[in-house]
Amino acid sequence: MAPTDVPALALADITCRFAARDGAREPYTAVANATLSVAKGEFVSVVGPTGCGKSTLLNVAAGLLEPSLGTVDVFGERLISAEGVNRRAGYMFQADALMPWRTGIDNVVAGLEFRGVPRSDAVAQAEAWLRRVGLAGFGDRYPHQMSGGMRKRLALAQTLILSPDILLMDEPFSALDVQTRQLMENELLALWAEDRKSVLFITHDLEEAIALSDRVVVLSAGPATRPIGDFKVDLPRPRDVSEIRMTPAFLTLHREIWAAMKEEVLKAYAAQKVA
Amino acid sequence: MRLRILQIMVLGLLIVFWYLMTAPGLIPPFYFDKPNRAAFFFGEPQKVFWVIVDWFATGEIFRHLGITLLETALGFVIGAAFGLGIGLWLALSPTASAVMDPYIKGFNSMPRVVLAPIFAVWFGLGIWSKVALGVTLVFFVVFFNVYQGVREVSPNLIASARMLGASRRQLLRSIYLPSAMSWVFASLHNAVGLAFVGAVVGEYLGSSMGVGYLILQAEGTFDINTVFAGILVLTAFALALDGAVGAVERRLMTWQPRASETEKV
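Chains as they are written, first to last, in the working numbering: chain A, 1 to 275; chain B, 1 to 265.
Simulated from the structure, these hints should not be mistaken for lab results. A virtual CB, placed ideally from N, CA and C, is assigned to each residue, including glycine. Incorrect hints may have been included.
As the list claims (entries may be wrong) - With the C-beta cut set under 7 Å, the calculated list includes, among others, these residues of chain B facing chain A:
1) 81
2) 107
3) 108
4) 157
5) 166
6) 171
7) 178
8) 189
9) 190
10) 193
With the rest of the complex left out, here is chain A (with noise of 0.2 Å):
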């Protein structure tokens, strides 16, 4: 194969089980045998119901999971993860996961400081980093001296500080407004432009996996997910989330997944309503 088809990032048949909890008699297998590969520079979303593994298989994609069988390619190489987490990934959490005792320049700064970079080179790219996410000038303002989305910004400049070959978010949006939402997701997109880098984008909201994405993966309903379909999306880019989703392309391609994922969900809906 050569170099420049070496996948970003392959996970090949994942299964993931958990040891019996709760007075549950079986394990739960969360994820079953999924194999899923993002290319360099690709922008890829996986979609399914609640609760159907999605974070579990992001987890395992950065090494913070070991998989119970399958494999993890990072570049073409082996991604153990008693060996460490996947170094070439960053990770944008859907709940909060900025330090609250600092401030939001020593957030971003976190990353290089933990790297050795010398503070006043790591507080000058910190710096450039809060005015490219609209953050210039809170700078010294704690977290919880900020709104939602501004805390988003935050926790994006502080993962990309780093620029990480591979973006991992476990649906970082979900929490806001709608507004703040789509402003995001356009920013997300406008600086994802810069670079091109790989993309691993976990969402529950299939709009937002096709306005942003160049490829969507469908994944069933859990116990024991896998990927059921795999759509590419030839939307033409630069795109604009909210004008997009009004495109005749936009909506034939959103009945067609829908198409594949409305049973999922409704499964997911009823094993729900059992429990």
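Starting from the known structure of chain A, arrange chain B on it as the hints suggest.
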């Protein structure tokens, strides 16, 4: 301001009540059979006041207060350091924590003031037996808070720091320690108070200096006014200490959200 005036009025009323009930011959004795008995048991406010004034005028008190405060400070610092270290260690090492659990529980439920005589034997009647007592009292408050603090660090935060490239050491310094510190500060008032208790109780049980020693001496000669004076001085300094802790806490914990943070324009 109105509140402050009311607060001072309560203090004034208490002192007036104290004076009325104890001044010999002022009101007919209704409980004791002799008019000066009430003053013997409860002291007299004006005499207590003059004892205190005398202490500060001659400077005699400073030596004793200095010793008591030194014991408090040492007890607090050493106890907090041990609590922080061992709390971090046990919280991060589940095996050690499981092994030590019954001993920690046992040691904590023991009334540790009974250790004071043993400490007096081990460390003598100087300041170190008092410091040791303060340490045993402070240690557990800090220890349990650190333990809890480390256990309750959000797993997201740890995962995030690891993804940002933090080594184990850096995790400890940048995540666990600050998180534990916020819990330590939450217990700081308690811990400083207990260090003070350790110092005074230790002095009271045997010493040659300190405010506890002054009280013990006065009690030996039934000088109840001096006993009350000592108690009042101790109380005043406990309050001052608490205020100082509050100030330190406000300075160091600026990152914590407060209930309401709107400003008047």
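Structure-based check of each hint:
no.	hint	verdict
1	81	violated (20 Å)
2	107	violated (31 Å)
3	108	violated (28 Å)
4	157	holds (5 Å)
5	166	holds (5 Å)
6	171	violated (9 Å)
7	178	holds (5 Å)
8	189	violated (20 Å)
9	190	violated (21 Å)
10	193	violated (25 Å)
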